[in-house]
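Number of protein chains: 2
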Amino acid sequence: MSESPRMTRRALLVGVGAAGGAGAMFAAMGALGLAPDSQEKSFVPPQPSDFSLRGRGAAKVVILGAGVAGLTCAYELGKAGYDCTVLEAADRVGGRNLTLRGGDRLVETGGETQTVEFEEGTYFNAGPGRIAQWMVTLDYCRELGVPIEVFVNNNASAYVHTAGMATPVRARAARADVYGYVAELLAKAAHTGALNERLTKEDRDRLAEFLRKFGDLGPDLTYRGSTRRGFETYPGVTGGVRDGRPPSLTDVLAAGTGRAITMDFGYEQAMPMFQPVGGMDAIVTALAREVGHDRIRTGTPVTRVRNLSDGVEVTHRDGVLRADYCVAALPPHLLARIPHNLGAPVTAALRTPVPIAAGKLGLEYGRRWWEIDDRIYGGITETELDITHIWYPSYGYHSRSGLVVGYYNTGPDAVTYGGLSHRDRLNRALTEGGKIHGEKYRRELRSGVSMAWQNRPHIEGGWVAWPSYEGAFALLQRPAGRVYFAGDWLTHLVAWQAGAMESARKAVTELHRRVLQTLS
Amino acid sequence: MSESPRMTRRALLVGVGAAGGAGAMFAAMGALGLAPDSQEKSFVPPQPSDFSLRGRGAAKVVILGAGVAGLTCAYELGKAGYDCTVLEAADRVGGRNLTLRGGDRLVETGGETQTVEFEEGTYFNAGPGRIAQWMVTLDYCRELGVPIEVFVNNNASAYVHTAGMATPVRARAARADVYGYVAELLAKAAHTGALNERLTKEDRDRLAEFLRKFGDLGPDLTYRGSTRRGFETYPGVTGGVRDGRPPSLTDVLAAGTGRAITMDFGYEQAMPMFQPVGGMDAIVTALAREVGHDRIRTGTPVTRVRNLSDGVEVTHRDGVLRADYCVAALPPHLLARIPHNLGAPVTAALRTPVPIAAGKLGLEYGRRWWEIDDRIYGGITETELDITHIWYPSYGYHSRSGLVVGYYNTGPDAVTYGGLSHRDRLNRALTEGGKIHGEKYRRELRSGVSMAWQNRPHIEGGWVAWPSYEGAFALLQRPAGRVYFAGDWLTHLVAWQAGAMESARKAVTELHRRVLQTLS
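In order, the protein sequence lines correspond to chains L and U.
Heads up: the first sequence runs through residues 1 to 520, numbered per the numbering used here.
Heads up: the second sequence runs through residues 1 to 520, numbered per the numbering used here.
It cannot be assumed that every hint is accurate.
In this list, chains with the same sequence are indistinguishable; a pair is considered to hold if it fits within one copy or across any two.
Dumping the calculated SDA-like pairs for lysine to any residue here, alpha-carbon to alpha-carbon at most 20 Å [said to hold, decoys possible]:
no. : residue 1 : residue 2
1   : Lys213    : Gly266
2   : Lys201    : Ala189
3   : Lys79     : Pro45
4   : Lys60     : Arg92
5   : Lys213    : Ala254
6   : Lys188    : Asp203
7   : Lys60     : Leu475
8   : Lys79     : Gln47
9   : Lys188    : Thr250
10  : Lys213    : Asp203
11  : Lys60     : Gly78
12  : Lys201    : Ser447
13  : Lys201    : Pro247
14  : Lys435    : Thr162
15  : Lys188    : Thr200
16  : Lys188    : Lys201
17  : Lys440    : Asp374
18  : Lys213    : Arg175
19  : Lys60     : Asp83
20  : Lys440    : Trp369
21  : Lys213    : Glu268
22  : Lys60     : Leu519
23  : Lys79     : Phe473
24  : Lys201    : Gly256
25  : Lys213    : Thr250
26  : Lys188    : Gly299
27  : Lys60     : Gly311
Simulated from the structure, these hints should not be mistaken for lab results.
Generate the whole structure from the sequences, applying the supplied hints.
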């Protein structure tokens, strides 16, 4: 596409930022009439030169939480020489960006304890698992040198399994049948003149041409099945054996495969998606490396946060830390519980978003039966069983063993599973998944590990839901005195790492602007 | 899925084959009433034990052509100890499985000569570029230890550019608009009773529920755009800036985006697809390694093929080679030109399939502008310009440079480009692609290399088209005396490596069966 005026303007700003630092950048933005809240896509990190021009050093910042938001704040502020300290209650960094490997130990708030038994090379992204192309997460992967690979979010060879269906069908067959009948119905309606008020003759001809392709219709505009459904024996020397005749229109509609067919239509889930090679935690590992491990104190819960007239004071397990500013990057429902002097409206606002339960089960198999028996290479089976999804691994193709996600569910289903012991979760998920994959699903299992995010210490939820983006959400976008807030929960990308990163960039930008204004 | 009777029977056969060799396998197949032509999916390679039980050695086979079919024949026959020699006219193995790297030299039949100038790490699959999940090609990758990764065959962020379109649009927007209007038209037709003869009340309710999801319709069943179209500024701290309003129904139909939207609906092209890591030629490199380089004679054109009463005699550049059997795995139009005594019907049959022109252009850029500027990570832009497609690389994400396929066209467009000098091909393709990507498309180019398969010595075509699968096609499935034929052109998977491999397996199976029968 040729460059739009907007892109040119953005390029100008990036150029200014690179040459003159963020201070010059903000001035240029004002001159161009850009509102500050459109910054998120033209972020310019704080730079040492922002200070050296003024002959003063950067400020001291304490960051609460070493999840993606907290680490991103420390990383970006660190570029300009801010003296950051990150306090993390858990004994590891990353927060919900959690990749589990053999030997890891999980203790839930209720006491349930698991030790991961995966073999070398097997990993399980228990939190976020996929990244869309447009997300800032990929920019951090590029900048940090974290190699990426495709996450297969949709696979024509995976299964669809609904309550309205006797046996699972391949996604390709479900799609071919629905599209075939939809195309037939519309083409025939148009043919009989039912749409003449809306469509010109030329429109109708073009529509018919499209519908023939879309539904693989016969010359009489009828759907009678299609090679798109797949084959029992795929073509080779012979033309192959087609995978049966399609069910009737009524049966196809009754099967209710709509969710499965449209799952990747949205801007968040469209193919292709990506993942870091070797595990999602490569991102937080790289961020922590850049921040410096000496600046991150794990196993250090915060017990009090106070705004002072000239700084902030944070009390933690091992003592008291004073700084010029604070960025609070904890889940809001946990932050609300920490004693502070930020005011009752802040506490009320932090209590407004509702934590959502989310569960994920990792199943390690010693044989990649989904590739060998089912010819499924990555992707997701959609089901109306309470396991909701079965994910096949997008890494380690053709290797000996592999990691299947046995459920990824939220809300009531996640509450149900989270209320069980790990053993019972596993047993239930194997029974349910066995309805799709048969006996081997249980028989060939090597080991499993389950995550109930609502039971995870220092996190206590998969993500949060806001009743609205007004009021509390807006209030927490602003600092409370010298305390800034950051997290995916403060964005329109709740539950995505990109949200945590965008929110961190906003907090860093505003904090840095304030510091520069104070200096000038 | 639980195991079907068919699968169980197949498993039985594989078990028999593994234990007792192919001879026992064929006996078991007969007992079970399986037709021989359903073998292709239950292939059991010849084994040394097939002979040792009979106390005799394997036969000597000369194979014409070291493309995928020829190498697969030599590899499979070699497992049982056949004494194979592969004669290849070109100075490298692989045939159309050709990966170009810096330093490679290309000479066309017309004399046009290019030297590839790519930097270290850049490669261009000038022939096949993608593998479907069900294809036997993946089995060979597994067996040979060739690592694979996802080939992005469809990308919601790539562009669609048709003659009916003023400017290119993102594939996600084209899809959202077409699906939105299709859903609206059908939902409203159903609502007004136009489909009452065909649909029950329950059908109609289910259809409406599906169409709302499918088209992202409003409660009034109207399409007014969707976040699925994408954003000018994606959501982050703010809700983002939507990417404009959709064009009118008439304009969407006039844009004619049907081909682009349906390109991955078929069983051959459905996502995800795969490619070997590091270049498609990893497959032929591995096959040649297993066959043994001492058994492959490159630069050795064949000049005559003769059936004898007790063997075959093949005359080549350096002499005469006698063997018990021959597998001719050359393109049929080239084989037809080699003097032989296989009879006039064979010559006529070999002349029946029509060679098809195909062209592909590799463009190396020093900056991955498609990722950085356009946020396109792999995938294909579909256009009605004569370049037909622009492929973005599915490897090397985030690295410094990258390889874009500037055209992949066939038929008249390929003939047009193939008739030009490389310099003119490049110039034309840059002008055309620039209509989609702007000035940088030419400005940032580092180097390019073009392949016109119809001009490739010893190949002379992208693939062939058969007028029918009767007659000549059927004749060449059978050996002419002791000469067997193999190649993708002898299958229903013309132009796919999987076709060459399936055909090779068939030739090997039949040849081996004959040898065993001769011995018994």
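Up to 20 Å between alpha-carbons, please classify Lys201 paired with Gly256: within, between, both or neither. between (33 Å within a copy, 15 Å between copies)
Within a copy, between copies, both or neither: where do Lys213 and Thr250 come within 20 Å Cα-Cα? Between copies only: 18 Å across chains, 22 Å inside a chain, cut-off 20 Å.
Cα distance capped at 20 Å. Does Lys60 pair with Asp83 within a copy, between copies, both, or neither? within (5 Å within a copy, 76 Å between copies)
Alpha-carbon proximity context of Lys213 and Ala254, limit 20 Å: The answer is between: 15 Å across copies meets 20 Å, while 24 Å in one copy does not.
How do Lys201 and Ser447 come out at 20 Å by Cα distance, when the copy is not named: within, between, both, or neither? neither (62 Å within a copy, 48 Å between copies)
Can you give me the call for Lys60 and Arg92, within, between, both or neither, at a CA distance of at most 20 Å? Intra 23 Å, inter 64 Å, cutoff 20 Å: neither.
For Lys60 and Leu475, with the copy left unspecified, which applies at a CA distance of at most 20 Å: within, between, both, or neither? Answer is neither: 24 Å inside a copy and 83 Å across each miss the 20 Å cutoff.
Tell me, please, which holds for Lys188 and Thr250 at an alpha-carbon limit of 20 Å: within, between, both or neither? Classified as both: same-chain Cα gap 17 Å, cross-chain 19 Å, threshold 20 Å.
What label fits Lys188 with Lys201 when the C-alpha limit is 20 Å: within, between, both, or neither? Both ways: Lys188 and Lys201 sit 14 Å apart in one copy and 19 Å across, limit 20 Å.
Homo-oligomer pair classification [Gly78, Lys60; C-alpha up to 20 Å]: Within. Shortest intra-copy distance 10 Å satisfies the 20 Å Cα cut-off; inter-copy 70 Å does not.
How do Lys188 and Gly299 come out at 20 Å by Cα distance, when the copy is not named: within, between, both, or neither? So Lys188 and Gly299 fail the 20 Å test inside a copy (67 Å) and across (60 Å) alike.
For Lys79 and Pro45, with the copy left unspecified, which applies at a CA distance of at most 20 Å: within, between, both, or neither? So Lys79 and Pro45 pass the 20 Å test inside one copy only (7 Å; across, 60 Å).
In summary, the structure is inconsistent with hints 4, 7, 12, 23, 26 from the numbered list given earlier, while agreeing with the others.
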